[in-house]
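Read off the chains here:
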Amino acid sequence: MHLCVNQRRIPVDKDGYLKQLDDWDPDVARYLAARENLSLSAAHWEIIELLREFYREFEVSPAMRALVKQTGKKLGAEKGRSIYLMQLFPPSPARVASKIAGLPRPTNCL
Amino acid sequence: MILHTVNKSPFSHSLLEACLAIMGAKHSLLLLEDGVYGTLKTSPMAAALAERGRAGAIYALEADLRARGLTDTALLSCVKPIDYAGFVRLATEHSKVQSWF
Amino acid sequence: MNPKKIMVINTHAPYGKATARESLDAVLAASAYDQDLSLLFLGDAVFQLLQQQDTAALEAKSLSTALPVLPLYDVTAIYAQQSALDARGLTRADLVLDVECLENHQITALMDSQDILLSF
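Protein chains in written order, with our numbering: chain E, 1 to 110; chain Z, 1 to 101; chain F, 1 to 120.
Rather than coming from a laboratory, the hints here were simulated on the basis of the structure.
It is possible that some hints are incorrect.
What the hints assert, rightly or not - No farther apart than 27 Å at their CA atoms in a straight line, the calculated lysine-lysine pairs in the DSSO-like style are these:
1. Z:Lys26 <-> F:Lys5
2. F:Lys17 <-> E:Lys69
3. F:Lys61 <-> Z:Lys96
4. F:Lys17 <-> E:Lys74
5. E:Lys19 <-> F:Lys17
6. F:Lys4 <-> F:Lys61
7. E:Lys69 <-> F:Lys5
8. F:Lys4 <-> E:Lys14
9. Z:Lys80 <-> F:Lys5
10. E:Lys69 <-> E:Lys79
11. E:Lys19 <-> F:Lys61
12. Z:Lys26 <-> F:Lys4
13. F:Lys17 <-> E:Lys73
14. F:Lys4 <-> Z:Lys96
15. E:Lys14 <-> E:Lys73
16. E:Lys69 <-> F:Lys4
17. F:Lys4 <-> Z:Lys8
Stated by the list, open to error - Sample of chain F residues with no beta-carbon within 12 Å of chain E, all distances over it, derived:
18. Asp25
19. Ala29
20. Ala32
21. Asp34
22. Thr55
23. Ser62
24. Ala66
25. Pro68
26. Tyr73
27. Arg92
28. Asp98
29. Gln114
Unchecked claim - Only some residues are given here: those of chain E computed to face chain F with a beta carbon under 8 Å:
30. Glu53
31. Tyr55
32. Val60
33. Ala66
34. Lys69
35. Ser82
36. Pro104
37. Arg105
38. Thr107
Please read all numbers here as calculations on a predicted model, not as lab measurements.
Where is the CB? At the ideal position from N, CA and C, for every residue including glycine.
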């Protein structure tokens, strides 16, 4: 399966996650977000950037617990809460935000 | 109580040795598949196994012994051959299983 | 319901089979259930903990890259077999994670105290 963004064909898996991390750019993120009925604000972008950095560091797409913890560490306790992430990326922040950030599906997210 | 299982030959693998190093006094050991070569008196782990066998049960799966042509006379006396029903009983008698594979 | 004491026991070196990665995935998944989870490295599995495993040419993910994620999943009870480290000439300074090194009799006692063992 493919997405088509800016005339680029981008391979995705059956659930719509990018197959290649390098295929991602901000336009792809906006496209993926639109498919989740989200329009991306600055608050969304800082989580997306945090996720991409997380993946670069560990090569793991974080499950909810790790995402909350890392958000708290990097962006402060106010944002490191599931309710905050839930408002930004409903209904399942780890899955939805990972997808928009171009990460593979969190394998350890049940 | 832990049941340890080992399925590789001590002539080419160190699993049996690794298992014996960790096995507690009340634990049991079941040798299966190629692990049954560990029952031989000529095995590099024979002395350690015989020593351990004095404290408690060491089992080997009969079907695997027979399949490999291992006869009673060549086996360490501390080893008790068991059939599949015995295997199941062992598994239920122990709360935990650690497989060395 | 009381949390279960679950110990994931690794006995294999990192890349010969898929078990090391499968073990890590199992630990990360299990961490979502708020159980009392611990991780033990025995024998050759201590090689999983070595720093700077460059797996680019294998097209496999590096364990030394992924293992440091464990504290973010609140998995902090991580143990290594002292005799296995000694036999391989390794010390804690060679390892990518802050692990507690245990003697064999301590490992036996720790395994006895668990509700569930998962062997990888």
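Hints and how they fare:
1. Z:Lys26 <-> F:Lys5: Holds: Z:Lys26 and F:Lys5 sit about 20 Å apart, inside 27 Å.
2. F:Lys17 <-> E:Lys69: It is violated: about 31 Å lies between the C-alpha atoms, which goes past 27 Å.
3. F:Lys61 <-> Z:Lys96: Given pair F:Lys61, Z:Lys96 is violated - Cα atoms ~31 Å apart, limit 27 Å.
4. F:Lys17 <-> E:Lys74: violated, 35 Å
5. E:Lys19 <-> F:Lys17: holds, 23 Å
6. F:Lys4 <-> F:Lys61: Status violated; Cα separation ~30 Å.
7. E:Lys69 <-> F:Lys5: Answer holds: E:Lys69 to F:Lys5 is near 23 Å, not above 27 Å.
8. F:Lys4 <-> E:Lys14: violated, 35 Å
9. Z:Lys80 <-> F:Lys5: Since the Cα atoms of Z:Lys80 and F:Lys5 sit roughly 32 Å apart, the hinted pair is violated (cutoff 27 Å).
10. E:Lys69 <-> E:Lys79: holds, 10 Å
11. E:Lys19 <-> F:Lys61: holds, 15 Å
12. Z:Lys26 <-> F:Lys4: Roughly 22 Å separates the two Cα atoms, so the pair holds.
13. F:Lys17 <-> E:Lys73: violated, 35 Å
14. F:Lys4 <-> Z:Lys96: holds, 13 Å
15. E:Lys14 <-> E:Lys73: violated, 33 Å
16. E:Lys69 <-> F:Lys4: Distance ~23 Å between E:Lys69 and F:Lys4 Cα, so the pair holds.
17. F:Lys4 <-> Z:Lys8: violated, 31 Å
18. Asp25: violated, 6 Å
19. Ala29: About 4 Å separates F:Ala29 from the closest Cβ of chain E, which leaves it inside 12 Å; violated.
20. Ala32: violated, 6 Å
21. Asp34: F:Asp34 is in fact no farther than 12 Å from some Cβ atom of chain E, at 9 Å.
22. Thr55: violated, 10 Å
23. Ser62: violated, 7 Å
24. Ala66: violated, 5 Å
25. Pro68: The claim breaks: F:Pro68 does not keep its Cβ more than 12 Å from every Cβ of chain E (closest is about 7 Å).
26. Tyr73: Label violated. Min Cβ-Cβ 5 Å, cutoff 12 Å.
27. Arg92: Consistent with the label, F:Arg92 stays out of reach of chain E, its closest Cβ about 21 Å off (over 12 Å).
28. Asp98: Its Cβ never comes within 12 Å of chain E, the nearest being 16 Å, so this holds.
29. Gln114: holds, 21 Å
30. Glu53: Constraint on E:Glu53 not satisfied, violated at 13 Å.
31. Tyr55: violated, 10 Å
32. Val60: holds, 5 Å
33. Ala66: holds, 4 Å
34. Lys69: holds, 5 Å
35. Ser82: Cβ of E:Ser82 sits 12 Å from chain F, so the hint is violated.
36. Pro104: violated, 11 Å
37. Arg105: violated, 12 Å
38. Thr107: holds, 6 Å
The earlier numbered hints that this structure contradicts are 2, 3, 4, 6, 8, 9, 13, 15, 17, 18, 19, 20, 21, 22, 23, 24, 25, 26, 30, 31, 35, 36, 37.
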